[in-house]
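**Student:** Sequence:
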Amino acid sequence: MIDIKLLRDDPDRVRASQLARGEDPGIVDAILAADERRRSSLGEFESLRAEQKAVSKDVGAAMGAFQRAKKAGAPDAEHLEAVAHAARTKAAHLSDQVKALEANADEAGAELERLLRKVGNVIIEGVPTGGEDDYVVLETIGTPRDFAAEGFEPLDHLALGERLGAIDMERGAKVGGARFYYLTGVGALLELAVLNMAMAQATAAGFTPMITPTMARPEIMLGAGFIDAHADEVYRLEADDLYLTGTSEVALAGYHADEIIDLSAGPKRYAGWSACYRREAGSHGKDTRGIIRVHQFHKVEMFSYCRPAEAEAEHERLLAWEREMLAKIEVPYRIIDTAAGDLGSPAARKFDCEAWVPTQGKYRELTSTSNCTTYQARRLGTRERDPNGSGTRTVATLNGTLGTTRWLVAILENHQQPDGSVVVPQALRPFLGLDVLEPIA
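At position 98 of the sequence shown the residue is numbered 86 (this note's numbering), and the sequence of numbers has no breaks.
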């Protein structure tokens, strides 16, 4: 969730972020009102509890005085008994009031948290305003092939995959239904080559390689920001109260939940390899052919914990590592700055790298890298010790894709030959053991 201190100190910035996302800016005033109620309730509670503690001491003193007077047969014993009784009565009354005020404060706190969880991360200055189509192209790398000049009509990735014996959608649908598939033969090897190349690059760059859980508890999913507004897009195992994750980002965000980590030597970087599951709710009729939009795929994901002041620089580093991977598969691509209304709730900024898909005549996303600032870490309780010695502070988290099943689409289509074979990009050959993928029929 967002930093309540930021919302108190600069509510207009949060309102502007909400407007840029296409969300209701009025929730800022609702949060400020809830925050005031919580702080007021807490103030009353703390004040009355202090009084209760003082009265409790008075009860002990009054009871002691009464018992001594009674034992000594003092004439004022009856009066002291009345004083002690009055003190007990007042203490009991205060106890009831304290419990009621504590309940009020808890209720106000819960309402504040509920409202805060409705607000997406505050966007970084410069993020384009608008929705899915309002991105800004930052750079275009490479030139699409002119297949007409080469004298042949390119095949799409599925036609190529079937000729190569690499993709079997028919049997995938037989087993799992729509949007399931088999990667077979060189298809399976090609995916493993891409992911192994991604993991090798990440390891060489100092990332710790991880094979992550693909199921997560509700509190981790919520902390990572994946079931606030889009729970219907996530597979849930109701009998076990677990969710299937759509990215290893979830597991990596939860890895240091409720921990104090050491960032004195720089960011902590992890590269997670996992199967990923997505319901693709709301995608009916979109990308129904091939493996562009599927329910299950594999991915290598970078994840970084760093200090908030270093997050924007770290974001550029993650983008540079993505560019390095894309250069290795030798496809034309562009980098876009995603518009605010197309950002997920945790992201304050997101850069997408989109590869050219010849048979669609457009660019399609292959990677994305998001700067989530302190949004996820605040929810998950991931902190570092303040270098200035004043307690702990929330860290920042970032993520970025290094390779996924969808990359096969761009590789197959951009490197196809007139005879239906596919030339393997030079950097990928050591991982695949082949220079050319040949049709089997």
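Any given hint could turn out to be false.
Listed next, the in silico PhoX-like pairs over lysine-lysine satisfying Cα-Cα at most 25 angstroms (straight line) [claimed, not checked]: (1) K350 with K274; (2) K162 with K316; (3) K316 with K350.
Quick list of simulated restraints, FRET-style, between CB atoms [as the list claims (entries may be wrong)]: (4) A176 with D374: 46 to 52 angstroms; (5) K87 with D121: 33 to 39 angstroms; (6) E120 with R224: 32 to 38 angstroms; (7) E158 with R1: 49 to 55 angstroms; (8) G114 with A219: 26 to 32 angstroms.
To be clear, the hints were calculated from the coordinates, so they are not data collected in a lab.
All C-beta atoms, glycine included, are put in the ideal place defined by N, C-alpha and C.
**Student:** Look at each hint and say if it fits the structure.
**Tutor:** Here is how each hint holds up against the structure:
This hinted pair checks out: K350 and K274 have alpha carbons roughly 15 angstroms apart, not beyond 25 angstroms. In summary, the hint linking K162 to K316 is not supported, as the alpha carbons are separated by about 35 angstroms, beyond the 25 angstroms threshold. Taking the CA atoms of K316 and K350, the gap is near 21 angstroms; set against the 25 angstroms cutoff, the hint holds. Checked against the hint of 46 to 52 angstroms, the pair A176 and D374 passes, with Cβ atoms roughly 49 angstroms apart.
Separation of K87 from D121 is about 54 angstroms and departs from the stated range, judged on CB atoms against 33 to 39 angstroms. For the hinted restraint 32 to 38 angstroms between E120 and R224, the CB-CB distance of approximately 26 angstroms leaves it violated. For the hinted restraint 49 to 55 angstroms between E158 and R1, the CB-CB distance of approximately 52 angstroms keeps it satisfied. The hinted range of 26 to 32 angstroms is satisfied by G114 and A219, whose Cβ atoms lie roughly 30 angstroms apart.
Violated hints, listed in ascending order, are 2, 5 and 6; each of the other numbered hints is respected by the structure.
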